[in-house]
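Line by line, the protein sequences are chains A and B. Position 35 of the first sequence, counting from 1, maps to 35 under my numbering, and the rest follow consecutively. Position 178 of the second sequence, counting from 1, maps to 178 under my numbering, and the rest follow consecutively.
Calculated from the structure, these hints are not laboratory results. Check the hints yourself; a few may be wrong.
Simulated coverage check for chain B against chain A, where a stretch passes if three residues somewhere in it have a Cβ under 8 Å from a Cβ of chain A [to be verified]:
| hint | segment |
| --- | --- |
| 1 | 44-53 |
| 2 | 59-67 |
Partner residues are not named here, just some residues of chain A that face chain B (Cβ under 7 Å, in silico) [to be verified]:
| hint | residue |
| --- | --- |
| 3 | L17 |
| 4 | M85 |
| 5 | G136 |
Label-pair distances were calculated between CB atoms; the ranges are [claimed, not checked]:
| hint | chain 1 | residue 1 | chain 2 | residue 2 | range |
| --- | --- | --- | --- | --- | --- |
| 6 | A | D26 | B | D22 | 34 to 44 Å |
| 7 | A | L148 | B | K161 | 45 to 55 Å |
| 8 | A | P27 | B | A192 | 57 to 67 Å |
| 9 | A | G125 | B | D205 | 19 to 29 Å |
| 10 | A | R143 | B | K161 | 36 to 46 Å |
| 11 | B | A38 | A | E129 | 36 to 46 Å |
For each residue, glycine too, the CB sits at the ideal point set by N, CA and C.
Each chain is listed here by its residues.
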Amino acid sequence: MALDIEQFYRRYGPMVLRRCQRLLRDPERAADAMHDVFVEILRRKEALTDDAPSSLLLCTATNLCLNRLRSARRKPEDKDEELLMQIASAEDPAGPAAARSLLARIFRSEKASTGTIAVLHLLDGLTLEEVAGEVGMSVSGVRKRLRLLKERAAELEDVS
Amino acid sequence: MTDRRLPDYLLERLALGELPKDAARAAQEQLAREPGGAERLNALRASDAELLARHPPQAVASEIARRRRAVIVQLRRRRAAWLAATAGAFAAVVLAVVLRPGPEQTWIKGDAALLVYRSRGAQVEQLQSGATARAGDTVQLAYARAHQTFGVIVSVDGAGKVTLHMPEQEGQAARLVRDARTELPHAYELDAAPGFERFFLVTSDSPFRASAALEAARKLAARGNAARTEPLALPKGFEQSSFLLLKESP
């Protein structure tokens with residue numbers, strides 16, 4: 001799948017940037033992350049088969065921002081940010097594995113990262129059914145992932 | 001959840017027309033029930049225009065391409081680590097030059113072509129067919145302007161040896177990246193085989209086994225010097241292009 005970067009950005013860039021801004025709360029960091037989201041997608045464009053890339057871009061942006069939040073470990077400024085930090089910290093201590101998992105899902109070989117699932121449900125407000133549709137899993141699979149995440153971070157019990 | 005506000009996530013996908021049919025209908029109904037729902041779509045479009053003005057597509061595309069090349073170079077460096085023992089620092093230089101920015105890297109039209117880059121000492125260059133090379137040179141292969149779907153790259157050397165370069169293992173032909181310059185995962189070092197090294201890119205719109213190209217290459221290699229100039233004998237439906245490297249005497 002050949003991609004014209006400029007055209008691709010024209011269509012999806014604002015959406016990705018808004019996503020990164022929502023998660024990172026910082027225009028400069030969001031713009032930086034947005035560039036890297038497209039780099040991630042382009043890195044594997046040969047295998048990109050989805051004809052509705054918005055879902056893949058949003059999930060990639062979510063995962064990338066979670067990784068950045070995990071690295072930054074800054075003090076949350078509100079409840080949403082606190083929730084995000086908890087998800088980022090709790091998801092998988094081996095961050096790169098989570099990133100690999102998401103990339104693999106993007107290219108249709110594996111499931112979404114647990115952190116992405118948690119953000120879609122807990123922060124974005126998607127129903128379990130909608131999350132399942134977005135990440136290509138069963139509702140019970142989504143529920144199980146969320147349960148595992150909660151087990152890793154007991155504090156998530158209070159906000160879910 | 002019927003009274004909830006339509007999540008921004010779904011609104012984005014709705015605005016792009018990328019929600020599945022049923023989900024799109026449900027989202028539109030939800031938006032219609034929401035106070036100010038219709039305005040949210042308008043606000044999104046206004047935000048699109050504002051963000052594209054603040055981050056112009058040409059500049060962003062250029063920065064994405066720059067970062068992408070940097071990432072690829074990093075990956076190539078990892079993949080080419082095996083070269084360190086023989087080619088040392090040259091590997092990274094080869095790859096940096098291979099991945100030099102170029103507008104054609106994203107969109108290339110025309111006939112498929114084999115590209116060969118050579119690192120010798122501190123010098124890295126793209127070679128033209130018929131160029132000379134010598135044992136110890138590090139060579140990176142790439143292809144461009146592929147308009148067929150499947151491909152194999154093989155080489156025949158002056159000693160009659162046939163080597164498969166793409167795919168990395170015998171089996172089905174590789175699926176080609178169309179309209180983009182694509183480097184093979186590994187550079188390699190030329191050995192001391194005398195005379196020449198000739199590379200063939202064999203392509204087809206139908207899947208085929210690498211053995212078809214290998215077999216044709218072996219037959220040509222058995223004809224000695226004819227392998228410098230003659231094409232591979234391939235069935236109808238295949239296309240081929242070749243690249244000749246002449247070997248300097250040690």
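So, going through the hints one by one against the coordinates:
no., hint, result
1, 44-53, "holds (count 4)"
2, 59-67, "holds (count 6)"
3, L17, "holds (5 Å)"
4, M85, "violated (19 Å)"
5, G136, "violated (12 Å)"
6, A/D26 with B/D22: 34 to 44 Å, "holds (37 Å)"
7, A/L148 with B/K161: 45 to 55 Å, "holds (53 Å)"
8, A/P27 with B/A192: 57 to 67 Å, "holds (58 Å)"
9, A/G125 with B/D205: 19 to 29 Å, "violated (47 Å)"
10, A/R143 with B/K161: 36 to 46 Å, "violated (58 Å)"
11, B/A38 with A/E129: 36 to 46 Å, "violated (25 Å)"
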